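Trainee: As given, the protein sequences belong to chains A and B, one line each in that order.
Numbering of the first sequence is given in the numbering used here, commencing with residue 1 and proceeding in unit increments.
Numbering of the second sequence is given in the numbering used here, commencing with residue 107 and proceeding in unit increments.
Derived by calculation from the structure, the hints in this document are not laboratory data.
The structure displayed is predicted, hence computed values, not measured ones.
Ideal Cβ placement from N, Cα and C applies to all residues, glycine included.
Careful: at least some of the hints might be erroneous.
Okay, the calculated beta carbon distance ranges per label pair [claimed, not checked]:
#, chain 1, residue 1, chain 2, residue 2, range
1, A, Gln104, B, Leu301, 39 to 49 Å
2, A, Gly68, B, Ser114, 26 to 36 Å
3, A, Gly68, B, Phe117, 42 to 52 Å
One side only, chain A facing chain B, incomplete, derived with CB under 8 Å [what the hints assert, rightly or not]:
#, residue
4, Val12
5, Ala16
6, Leu19
7, Ser29
8, Ile48
9, Ile51
10, Ser58
11, Phe62
12, Ser64
13, Gly68
14, Leu69
15, Leu72
16, Gly74
17, Phe85
18, Leu89
If you want the building blocks of each chain, they are given just below.
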Amino acid sequence: MNELWIWEAVGVMALANLLTRIAPFLFFSRRRPPRAVIFVEENFPPIILTILIFYTLSSVDFGSAPYGLKELGGIAVTMLLHRLFDNYLISIFGGTATYMAMVQLF
Amino acid sequence: MKYRRELSAAFKASIPVMMGYSVLGFAFGLLMTSQGYPWILPVAMSTLIYAGALQFLALGFFQAKTGLGQIFVASIFVNIRQAFYGLSLLKKFKKAGSLRPYLIFALTDETYALMTTMREDPRLKRRWYLFFLAALNQGYWVGGTLAGALFGRMVRFDTRGLDFSLTALFVVLAMEQYKQRRDALPFLIGAAASLIAMTLVSRDRMLITAIALALLGMFALREKLEKRGKGHE
Numbered sequence: 001m002n003e004l005w006i007w008e009a010v011g012v013m014a015l016a017n018l019l020t021r022i023a024p025f026l027f028f029s030r031r032r033p034p035r036a037v038i039f040v041e042e043n044f045p046p047i048i049l050t051i052l053i054f055y056t057l058s059s060v061d062f063g064s065a066p067y068g069l070k071e072l073g074g075i076a077v078t079m080l081l082h083r084l085f086d087n088y089l090i091s092i093f094g095g096t097a098t099y100m101a102m103v104q105l106f
Numbered sequence: 107m108k109y110r111r112e113l114s115a116a117f118k119a120s121i122p123v124m125m126g127y128s129v130l131g132f133a134f135g136l137l138m139t140s141q142g143y144p145w146i147l148p149v150a151m152s153t154l155i156y157a158g159a160l161q162f163l164a165l166g167f168f169q170a171k172t173g174l175g176q177i178f179v180a181s182i183f184v185n186i187r188q189a190f191y192g193l194s195l196l197k198k199f200k201k202a203g204s205l206r207p208y209l210i211f212a213l214t215d216e217t218y219a220l221m222t223t224m225r226e227d228p229r230l231k232r233r234w235y236l237f238f239l240a241a242l243n244q245g246y247w248v249g250g251t252l253a254g255a256l257f258g259r260m261v262r263f264d265t266r267g268l269d270f271s272l273t274a275l276f277v278v279l280a281m282e283q284y285k286q287r288r289d290a291l292p293f294l295i296g297a298a299a300s301l302i303a304m305t306l307v308s309r310d311r312m313l314i315t316a317i318a319l320a321l322l323g324m325f326a327l328r329e330k331l332e333k334r335g336k337g338h339e
């Protein structure tokens with residue numbers, strides 16, 4: 001693994017993240033942001049989260065056994081726990097533990 | 107200590123975040139060292155980046171050797187919601203002086219939620235109260251990361267499947283989003299954009315392509331989204 005590249009990537013992520021936090025203070029302390037910007041900020045979060053779920057599953061092969069059933073099972077357990085307890089730590093740990101058990105035992 | 111009262115008030119307010127940040131930070135540190143990365147890397151990330159979802163996502167960037175330009179654009183969109191937070195804190199941070207840069211840097215979801223919902227004691231020096239609140243929260247995050255990273259180095263166990271915590275995190279965050287606005291349309295746009303991107307391009311370009319497609323899709327459906335989104339404001 002190229003170590004320098006990883007540190008560069010960390011720097012890029014730090015910079016991008018800081019930009020999202022600092023943007024309103026830089027650009028909109030005197031005037032209202034344009035409507036298109038507000039529209040993206042308001043509507044993009046659920047969209048990006050959906051994309052991220054797919055992204056984390058993009059290396060899963062749904063075409064051959066076990067057809068991504070372990071991943072879908074892990075997601076189902078996570079969702080069920082979240083519906084029941086509404087506590088994100090329980091949901092994340094329960095879902096991950098279930099998935100780890102399925103991957104390691106079968 | 108000069109600002110003791112501010113510190114103790116901030117500590118009390120930060121207790122709910124302590125649990126979440128130290129445990130998730132621990133999971134992040136553990137995940138990174140279990141994949142063979144040096145312990146200093148996750149600790150440096152929690153110090154310099156300090157954004158939960160993005161840090162977990164970084165693991166995918168590292169594995170796929172995603173280009174720096176793509177990482178930059180993807181990171182912006184992953185955290186675009188944060189660009190909203192500052193708008194409601196412009197006034198509050200105005201008098202923070204030399205502490206203001208750190209307050210802006212450390213503005214995570216949870217810190218923002220605390221700063222905008224907690225009632226403040228008017229006798230306290232506000233800028234120090236806000237600073238301690240932000241710094242304590244990051245302290246939990248970095249501390250949890252360090253503990254997890256060291257734990258992962260000392261204890262060897264089968265971590266296959268541990269990276270599913272990332273998927274689970276996003277599933278939970280998506281459910282929380284759905285609670286706020288009971289509308290399936292944004293999720294459908296995200297799913298469609300992802301599926302198209304997955305069939306069109308290779309894995310290391312999937313994220314950026316899906317983001318671009320989703321932006322096109324959301325502007326095409328702008329009227330619908332804006333009309334339905336009204337309900338939650």
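Trainee: Each hint needs a verdict: does it hold in this structure or not?
Mentor: Against the structure, the hints:
no. : hint                              : in the structure
1   : A:Gln104 <-> B:Leu301: 39 to 49 Å : violated, 29 Å
2   : A:Gly68 <-> B:Ser114: 26 to 36 Å  : violated, 50 Å
3   : A:Gly68 <-> B:Phe117: 42 to 52 Å  : holds, 44 Å
4   : Val12                             : holds, 5 Å
5   : Ala16                             : holds, 4 Å
6   : Leu19                             : holds, 7 Å
7   : Ser29                             : holds, 6 Å
8   : Ile48                             : holds, 6 Å
9   : Ile51                             : holds, 5 Å
10  : Ser58                             : holds, 5 Å
11  : Phe62                             : violated, 10 Å
12  : Ser64                             : violated, 16 Å
13  : Gly68                             : violated, 11 Å
14  : Leu69                             : violated, 13 Å
15  : Leu72                             : violated, 11 Å
16  : Gly74                             : holds, 5 Å
17  : Phe85                             : violated, 11 Å
18  : Leu89                             : holds, 6 Å
When each numbered hint is compared with the structure, violations occur for hints 1, 2, 11, 12, 13, 14, 15 and 17.
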